[in-house]
Amino acid sequence: MLYNADMDDLIKKLEIYHLENRVSQKQLADRLNVAFSTVNRWFNDKTIPNKIQQYHIKKLLDKSDNTS
Numbered sequence: 000m001l002y003n004a005d006m007d008d009l010i011k012k013l014e015i016y017h018l019e020n021r022v023s024q025k026q027l028a029d030r031l032n033v034a035f036s037t038v039n040r041w042f043n044d045k046t047i048p049n050k051i052q053q054y055h056i057k058k059l060l061d062k063s064d065n066t067s
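With numbering that gives the first Met the number 0, letter number 57 in the sequence shown gets 56, and the count goes up by one each step, no holes.
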């Protein structure tokens, strides 16, 4: 897989969100309308989110920043 610093940063932020909010990978997948296995693959560097998934991740993270 090609290294993409921005993508790496986005996944790290998603992992932090996952840990700080005590949200399971399954719950995170449900919030992003993807399968649990998809989130798991992101966290294990097997795949990266496509553009639509990236948009929804950013939207979720922005929403959490605004409520903090």
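Calculated directly from the structure, the hints in this document are not laboratory data.
A hint or two may mislead.
Simulated crosslink set (EDC-like; lysine to aspartate or glutamate; CA at most 20 Å straight-line) [what the hints assert, rightly or not]:
no.: 1; residue 1: Lys58; residue 2: Asp7
no.: 2; residue 1: Lys58; residue 2: Asp8
no.: 3; residue 1: Lys50; residue 2: Glu19
no.: 4; residue 1: Lys45; residue 2: Asp5
no.: 5; residue 1: Lys57; residue 2: Glu14
no.: 6; residue 1: Lys50; residue 2: Asp5
no.: 7; residue 1: Lys57; residue 2: Asp44
no.: 8; residue 1: Lys58; residue 2: Glu19
no.: 9; residue 1: Lys50; residue 2: Asp61
no.: 10; residue 1: Lys45; residue 2: Glu19
no.: 11; residue 1: Lys25; residue 2: Asp5
Label pairs and their calculated CB-CB ranges [unchecked claim]:
no.: 12; residue 1: Lys11; residue 2: Asn65; range: 17 to 23 Å
no.: 13; residue 1: Ile47; residue 2: Lys25; range: 16 to 22 Å
no.: 14; residue 1: Asn65; residue 2: Asp44; range: 17 to 23 Å
no.: 15; residue 1: Gln24; residue 2: Lys58; range: 15 to 21 Å
no.: 16; residue 1: Ala34; residue 2: Met6; range: 14 to 20 Å
Where a beta carbon is used, it is the ideal one built from N, C-alpha and C, also for glycine.
Here is what the structure says about each hint:
| no. | hint | result |
| --- | --- | --- |
| 1 | Lys58 with Asp7 | holds (17 Å) |
| 2 | Lys58 with Asp8 | holds (15 Å) |
| 3 | Lys50 with Glu19 | violated (25 Å) |
| 4 | Lys45 with Asp5 | holds (16 Å) |
| 5 | Lys57 with Glu14 | holds (13 Å) |
| 6 | Lys50 with Asp5 | holds (12 Å) |
| 7 | Lys57 with Asp44 | holds (18 Å) |
| 8 | Lys58 with Glu19 | holds (17 Å) |
| 9 | Lys50 with Asp61 | holds (16 Å) |
| 10 | Lys45 with Glu19 | violated (23 Å) |
| 11 | Lys25 with Asp5 | violated (24 Å) |
| 12 | Lys11 with Asn65: 17 to 23 Å | holds (20 Å) |
| 13 | Ile47 with Lys25: 16 to 22 Å | holds (20 Å) |
| 14 | Asn65 with Asp44: 17 to 23 Å | violated (29 Å) |
| 15 | Gln24 with Lys58: 15 to 21 Å | holds (18 Å) |
| 16 | Ala34 with Met6: 14 to 20 Å | holds (19 Å) |
In this structure, the hints that do not hold are numbers 3, 10, 11 and 14, in rising order.
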